[in-house]
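The listed protein sequences correspond, in order, to chains A and B. Under the working numbering, the very last position in the first sequence is 196; numbers go up by exactly one each time. Under the working numbering, the very last position in the second sequence is 616; numbers go up by exactly one each time.
To be clear, the hints were calculated from the coordinates, so they are not data collected in a lab. Hints should not be assumed to be uniformly reliable.
With a cut-off of at most 20 Å between alpha-carbon atoms, the simulated SDA-like pairs for lysine to any residue come out as follows [stated by the list, open to error]:
{"hint": "1", "chain 1": "A", "residue 1": "Lys124", "chain 2": "A", "residue 2": "Ser110"}
{"hint": "2", "chain 1": "B", "residue 1": "Lys611", "chain 2": "B", "residue 2": "Asn290"}
{"hint": "3", "chain 1": "B", "residue 1": "Lys221", "chain 2": "A", "residue 2": "Gln41"}
{"hint": "4", "chain 1": "A", "residue 1": "Lys122", "chain 2": "B", "residue 2": "Ser229"}
{"hint": "5", "chain 1": "B", "residue 1": "Lys238", "chain 2": "B", "residue 2": "Pro297"}
{"hint": "6", "chain 1": "B", "residue 1": "Lys552", "chain 2": "A", "residue 2": "Pro178"}
Model, not experiment: these values are computed from the prediction.
As a plain string of letters, each chain reads:
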Amino acid sequence: MKYIKILTITSLFWTVAVGQQEPTAARKFIVTLQAGILEGQTEKTTAQLQLLGGIKMNAWLLSLGAGLDYYGQKRSIPLFLDVKSFIGKRKNAPFLYAAAGYNVSWLRDSEKMIGWWAAPTKEKGGLFYDAGAGYKFSLKNRMALGFSAGYSYKEQSEIMTPNSNCDFCIPPQAPPGPETYKYQLRRISLKLHYWF
Amino acid sequence: MRMQQKYLFISGVLIFISLLQSCLKDTCTHSYSYTWFEPVYKTPAQVRQSIKSGIAAEVKVPGKLFIKGHYIFLNEINKGVHIIDNTNPAAPVNKGFINIPGNIDIAVKGNILYADLFTDLVAIDVTDPLNTVTKKIIGNVFPSRYYGFSADTTKIIADWIRHDTSIVADCNRNNQLFFNDIGVAVPTAQLNNNALFSGGSPVGIAGSMARFALVNDYLYTVGNAEMKSINISAPQDPVVVNTTTLSWGVETIYPFKDKLFIGSNAGMFIYNITNAASPFQTGTFSHARVCDPVIADDKYAYVTLRDGSTCAGFLNELDVVDINNISAPVLLKKYDMTNPHGLSKNGNLLFICDGKDGLRILDAADVNDIKPIKHFTGFDAYDVIAYGGLATVIAKDGLYQFDYSNLSDIQQISKISINN
Numbered sequence: 001m002k003y004i005k006i007l008t009i010t011s012l013f014w015t016v017a018v019g020q021q022e023p024t025a026a027r028k029f030i031v032t033l034q035a036g037i038l039e040g041q042t043e044k045t046t047a048q049l050q051l052l053g054g055i056k057m058n059a060w061l062l063s064l065g066a067g068l069d070y071y072g073q074k075r076s077i078p079l080f081l082d083v084k085s086f087i088g089k090r091k092n093a094p095f096l097y098a099a100a101g102y103n104v105s106w107l108r109d110s111e112k113m114i115g116w117w118a119a120p121t122k123e124k125g126g127l128f129y130d131a132g133a134g135y136k137f138s139l140k141n142r143m144a145l146g147f148s149a150g151y152s153y154k155e156q157s158e159i160m161t162p163n164s165n166c167d168f169c170i171p172p173q174a175p176p177g178p179e180t181y182k183y184q185l186r187r188i189s190l191k192l193h194y195w196f
Numbered sequence: 197m198r199m200q201q202k203y204l205f206i207s208g209v210l211i212f213i214s215l216l217q218s219c220l221k222d223t224c225t226h227s228y229s230y231t232w233f234e235p236v237y238k239t240p241a242q243v244r245q246s247i248k249s250g251i252a253a254e255v256k257v258p259g260k261l262f263i264k265g266h267y268i269f270l271n272e273i274n275k276g277v278h279i280i281d282n283t284n285p286a287a288p289v290n291k292g293f294i295n296i297p298g299n300i301d302i303a304v305k306g307n308i309l310y311a312d313l314f315t316d317l318v319a320i321d322v323t324d325p326l327n328t329v330t331k332k333i334i335g336n337v338f339p340s341r342y343y344g345f346s347a348d349t350t351k352i353i354a355d356w357i358r359h360d361t362s363i364v365a366d367c368n369r370n371n372q373l374f375f376n377d378i379g380v381a382v383p384t385a386q387l388n389n390n391a392l393f394s395g396g397s398p399v400g401i402a403g404s405m406a407r408f409a410l411v412n413d414y415l416y417t418v419g420n421a422e423m424k425s426i427n428i429s430a431p432q433d434p435v436v437v438n439t440t441t442l443s444w445g446v447e448t449i450y451p452f453k454d455k456l457f458i459g460s461n462a463g464m465f466i467y468n469i470t471n472a473a474s475p476f477q478t479g480t481f482s483h484a485r486v487c488d489p490v491i492a493d494d495k496y497a498y499v500t501l502r503d504g505s506t507c508a509g510f511l512n513e514l515d516v517v518d519i520n521n522i523s524a525p526v527l528l529k530k531y532d533m534t535n536p537h538g539l540s541k542n543g544n545l546l547f548i549c550d551g552k553d554g555l556r557i558l559d560a561a562d563v564n565d566i567k568p569i570k571h572f573t574g575f576d577a578y579d580v581i582a583y584g585g586l587a588t589v590i591a592k593d594g595l596y597q598f599d600y601s602n603l604s605d606i607q608q609i610s611k612i613s614i615n616n
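Start from the sequences, fold in the hints, and give me the full structure.
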């Protein structure tokens, strides 16, 4: 888990550095910063932050991204492949996007389930996807701003294994198996985009 | 794109988003496996007739260990006692099995094996372990041996039929299971008036119902809230002479010179047995809880604390306590361990069952500087008896024996595997 986080942060910094080194005229490498909110069945509006690095080919932008997702009081790091399709040839244009990947669970201590009767909780990630549409406004120097709205899904699990210290159980000893709590969270994703 | 088309596009997105409201459902599913047991009833007469030794049985769920002469008596929880001929420790032989339904604890004095049989105490002559003779049965010695549901009190639960099942439910539902009077698990919503036992989520019912300690001519047994003093000066004719009321939640008993350490949920209590028939409380020993195994020599008590036990501790360590003044014990030193369980001491040698980290053999000549001698790994050890150069260890996968007669070359000499 620690190494996934280190790798993610390192990749993101590398992405920004490389993106800024590209010559302006022939620039195809695009860095995208996406920030926004997630709204769903839970009461709180929660934040999301994503950083992507990708390649633009004509009207398509193919990127790899990583994010921070605080929705559902279950913090996580989605790692995903993102595809954007810009409609039309104008500088300001609508776009469609779709992303899918793996949601790495990264719970804060306050978010974890804790039971005195169990060993420390283990976390497990799951599927992540996000799809929607938005609009892009071009700026100078090939930078652009945009907004989007879409539907996002993430899943992650917590696994608790009860302590098995039933030396003289009545009824006979039967070591308990692990308990899995699987969260499937569905929300609306509203984002601002900054391409550079 | 024209302005109109732009606004149409944006409106379309917003309408689409609003339609998604019905898809915004966060779900949490709770899945686990659960084992429940259906009781098999027999009459007391049937059960008592079945107390006899027979051919050897596989060791599946080992419990208490008792060594007498060249025999190892190994409890099979709720079933009886294995008799292992240990004449040659390098090649122990599983000789026979004494069928004792509901047996958890054992003690042996001379040729008499004392065992609990649910609520009863039975004295069995094991002079010939393969042809045992039941000498006496005392009823209702352990009245708190109950199962929490309205079992048929005219019968004894002689066996259990295991049922395994998996459950997937919503996290917000009450997933507790209750057992009715035939031991069948039913969901909370279908609870009937006879259900008295809570199974909860898959956590077994912890706590032993009997604990034995042999001191000279007395056998002391503890139940849930009482201690029985049983005179065994005539070994074949045990007599209950006294019942001492204790706090609730008593689970362990450990003899030390003229004292008994009684472990309960409320702490460890010290009872004086100068008058063997009538123990009386003299103090408390706060350095150990009911889940913490403790042994003692003349000067020090050695206590293992571990996490993951039903006492919900967070430490994994060996504590050495100065007990020269038993009324005011003093913690001397702590030693970090992995997950220590049972322990034993022979002379200056300290044997610690360190859970998944196997068996540690330590030099405790200087309690302020206990040094490691040897460490055996590869098994999950939880109890040990060390005596006369031979350490017998109960682990999850078997009964191990180690020869420590030569401290510079301690060796594992045998293993009886457990098939569970």
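Going through the hints against the structure:
Among the hinted pairs, Lys124/A with Ser110/A is consistent with the structure: their alpha-carbon atoms are about 17 Å apart, no more than 20 Å. For the hint linking Lys611/B to Asn290/B, the alpha-carbon distance of about 11 Å falls within 20 Å, and the restraint holds. Distance hint between Lys221/B and Gln41/A is fulfilled; the C-alpha atoms sit about 6 Å from each other, no more than 20 Å. Taking the CA atoms of Lys122/A and Ser229/B, the gap is near 17 Å; set against the 20 Å cutoff, the hint holds.
For the hint linking Lys238/B to Pro297/B, the alpha-carbon distance of about 10 Å falls within 20 Å, and the restraint holds. Between Lys552/B and Pro178/A the CA atoms are separated by roughly 18 Å; this keeps the pair inside 20 Å, and the hint holds.
Violated hints: none; the structure is consistent with every hint.
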